[in-house]
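A.B. asks: Combine the two chains into a complex, taking the hints into account.
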Amino acid sequence: MRFRRARQLIALLAVTAACIAPTRTEAAYQAKAGDTAEAVVSAARTVLVTARVAAAGQSFGPTLAVTVADVEADAASARDAFASIQPPDAPSDAIRRHLLPEVERAVGVIELVRIAARRDLLDRLPAIAAPLQPIAARLDRLATRFG
Amino acid sequence: MKKVFEIFLGILTAFGGFVDIGDLVANAETGARFGMRLAGVVLVGVVGIVIYAEMSGRVATMSKRPVFDVIRERLGARVALVNLAASFFINLLTVAAEIGGLALVIQLVTGINYLLWVPLVAIAVWIVLWKVRFSIMEKVFGLSGLALVVTALALWRLDPGFVNTLASARGFGPPPTESWATYAFFAIALLGAAMTPYEVFFFSSGAVEEHWTRKDLLVNRANVYIGFPLGGVLSLAIMGCSAALFEPRGVSVDHLSQVTLPVSATVGKLGLVFLLYGMFAAIFSAALETALSAGYTVSQFFGWQWGKFVRPREAARFHIVILLSLCVAVLIALSTLDPIAVTEYSIVLAAAALPLTYLPILIVANDPAYMKDKTNSMFLNAIAFIFLVVLMIVSIATIPLMIWTKGGA
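If you read the protein sequences in the order shown, they are chains S and W.
Following the numbering used here, the numbering of the first sequence begins with 15 at its first residue and continues without gaps.
Following the numbering used here, the numbering of the second sequence begins with 24 at its first residue and continues without gaps.
I should point out that these hints are in silico values taken from the structure, not numbers from a laboratory.
Take these hints with a grain of salt, some might be off.
[Unchecked claim] To give an idea of the interface, some chain W residues facing chain S are shown, with a C-beta separation under 8 Å as derived from the structure: (1) Leu131; (2) Ser167; (3) Val274.
[Unchecked claim] Computed footprint of chain W on chain S, listed as stretches where at least three residues anywhere in the stretch have a Cβ under 8 Å from a Cβ of chain W: (4) 45–55; (5) 59–67; (6) 84–95; (7) 141–149.
Note that the structure is a prediction, hence the values are computed from the model and not measured.
C-beta atoms are modelled at their ideal positions from N, C-alpha and C, and glycine is treated no differently.
The following block holds chain W by itself, in its conformation from the complex (with noise of 0.2 Å):
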């Protein structure tokens, strides 16, 4: 029974928690110029996720070390240090745009500039960083994402049955106003939404930071393979209300603020409440993953005690790289640069990385010498593989496309 409250525990906090700014923004954007257009991608982004977030959680549990540290020891640590900056340099970039996404929350509770909000919030993510135990900031604010269902009941009330939703998924290409091009490019924009690479860096860590044994690997496989899917919903969610309120009307959603619309239109004050408070925990709770994740890769790629299963003394280099990540994206959310904007390139250039997180994933994954008896079944390497492949592809197209649609304009 214990067990059974444990994995669907686990399977709700996965959902909650599955949604960030990046995925907000994607998916609303996504919606408001292809409609359901692009809903294949965010199944491919989640099935993909799954594949590589179960890998790196079974990484950790049978090496009992979180795998960027696997992959320094059995790759080198030349082929680490490439992924370290490149990942790390996306981090940074997400940090920001999570405290940005999360100061823009507060504006539209409070009518205040976002920018004044912008140090309290670091301030508040450091502080519950600092003191509050893994377990329990990783459930609080993975539930509270959950609040975000509501834009799933948005989407009933624009689209009873969901019939045009699904009418329009069905549909492949640009509409005859947009371009391949920029489609691609959104294709990729949602891809890097779902599939961010601090996710499995913060996955494998986390499940050092709980002490999983084998006798964990279920509820690994449970949170992945039910949890994230049910998060995928949301993000389809999200671009159904977008797709359903604002493609008919020419509507282009560059603000975080028409996101709250549809549900406002439909739903009232009460599941505005509901819609914003999901989005502050889902963010904050992006906010706090990927500031961990700073610490996690640079402290174990050097070797240095890392984790909040230490004291903090223990561990002190480890809380600085935070602290100093923390610093670094406050400035550059500071700098006014536009939120959304950040946004937009850290999840198109985490989609360039991919390939440097998870091919050496994939290898790691496949040697008995950390894994034992659990390496990868040959079906999951087909899989994976093909998943190499097309973020292979995705990664060269990036930047040229990037540059070709001017970011998507």
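So here's chain S without its partners, still in its complex pose (with noise of 0.2 Å):
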């Protein structure tokens, strides 16, 4: 008898365990878009300012690189909470292309300004940074509309 409820039990885990939890509505999905899309535009934007004021000679080499860093984790952690949702329907799965492609732009270009400000390339940083001035700009569409 406890065997038996026992093999129960770890089957019930197991299946558990074998399950990505969806979001149930499509709404909900949309909501975490938008809250994705928002945290991705507050990494690019501050990057942005960051890469100003390293070519302007106004900060120093670590704090600079530090700063970058910090808000590279950011969107990147967005990124994989996002891609990690399953999606619950068609419409979603839309959601999910229009997003994840402008997600993915943002991050690799912040992680190449990180590259460049650890090489205290600093100078080099606004060239660098410049893609995210429009991808933030469409990542704020996109928020806006799935917000």
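C.D. replies: Pasting the structure below:
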């Protein structure tokens, strides 16, 4: 009797562990998309300000590098969290198709800025970070649409 | 002349020592999300800490005993134990937040991961506590915190004449992108950052450490009535810088590194040096105060000898409590819990526990057995009572709001 209950419990745990919890509704998924877009916009615009400060010689290399690394972690974390969510339906698939590529682009550029900052290539940061301007604008529109 | 200088020095020390990691984080985050719409809460918090810090200093001066000791005697061991349990746990979190904050500042200077600095910072704090005289440690770090005035200069450059800042401060309620629940939650966080419980325990114990007498009541009043509001101005400057640079861009402030950008962008490298130095000094000062506060409250509850005014061997248990508190704080910081998150929880939980700290102080400050002819005036009692009611409401609302808003997310 005890072993049967134990096997049932183990089976229940295995089934539970195998499930990736989906977002229940399109509205919830859309809200999550909006939050993700906002988080990445925040990181992108912080990097743009940081790059401007770097080019003007108004800060120190380590401080700038830490700033970029901090917000890179935020953007990457937002991307990973959103990418791991199971879309509940076809409209949510479309949301994912619109949002994820832009988020990936933003994170990719931020990574390049971080690498340059750590190499003390501070005068090059604005040029490397420049693509973030239009990316952030598009993400901002998506955040408004989904939010 | 000597008295005037003493008062002036006290004001500057209170001014520079007002800001800690909680104020830096709460004001910067709030400015980025709400502009200056919650500036009024900072003012309310400053008035609150002024009232209660003055009371606790007066209690200690007139009774020649620190507030916690008097609370235990006047209200009984059970009330004191509840007070101790709440304030000690929050104090530990705050020590961890301050240690983490210091390590983050050093990371900003060196580029080396903050985790490596945590144990070294804790050792530095302990060495200062062990070796440096109370008055010297209070004044050196308090005065050094004045370097944070550079945030006011940065705000002036971002918003000359403070035109937009003042206009934003007149607004009430959340912006369209935020909810009332989150607005209320951040208001609570700001209140918790301004009215930290450790401040009153440290202030009153400090009065005994420095052997204050009736003649020092004027110094006490000048420190809190002038010094603390000036410190509040620094908090508002931090909020304003964040509001001016980040709110229009939709940037959320989640890192201490972002707090440096408004000063760098407007004042340059020299300004950044002042800011980092000021941050380090202010947070170091707070780390000393919170660690001492841990020792004070536990020792005063159990009736152990405490204080830096006696030799360490005469207050061995006091120093052991401080050392253990620092060790626990280091473990919390090394757990890789984000120091900013630890700070946020410490200030919010502090807000929830405020009535436990302030009600006993209000009761004792009205007892002529301890206060003699220096009990509270009716006017002060009226203001303090209103504050108490507000703090009770805040205390009840804190945990539900924290859950409802997912910690202000």
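A.B. asks: The structure should be examined with respect to each hint, and the outcome stated for every one.
C.D. replies: Hints and how they fare:
1. For the restraint placing W/Leu131 at the interface with chain S, the shortest Cβ-Cβ distance is roughly 5 Å, inside the 8 Å limit, so the hint holds.
2. With a least beta-carbon distance of about 19 Å to chain S, the hint placing W/Ser167 at the interface is violated under the 8 Å criterion.
3. Of the supplied interface hints, the one on W/Val274 holds, with its beta-carbon coming within about 5 Å of a beta-carbon of chain S, less than 8 Å.
4. Under a criterion of three residues with beta carbons nearer than 8 Å to beta carbons of chain W, the stated coverage of the segment 45–55 of chain S is upheld, 3 such residues being counted.
5. For the segment 59–67 of chain S, the assignment as covered by chain W holds, since 6 residues bring a beta-carbon within under 8 Å of that chain's beta-carbons and 3 suffice.
6. Against chain W, the segment 84–95 of chain S contributes 3 residues with a C-beta closer than 8 Å to a partner C-beta. That satisfies the three-residue criterion, and the hint holds.
7. Counting residues of the segment 141–149 of chain S whose CB lies closer than 8 Å to any CB of chain W gives 0, which falls below the minimum of 3, so the coverage claim is violated.
The structure is inconsistent with the numbered hints 2 and 7, although it conforms to all the rest.
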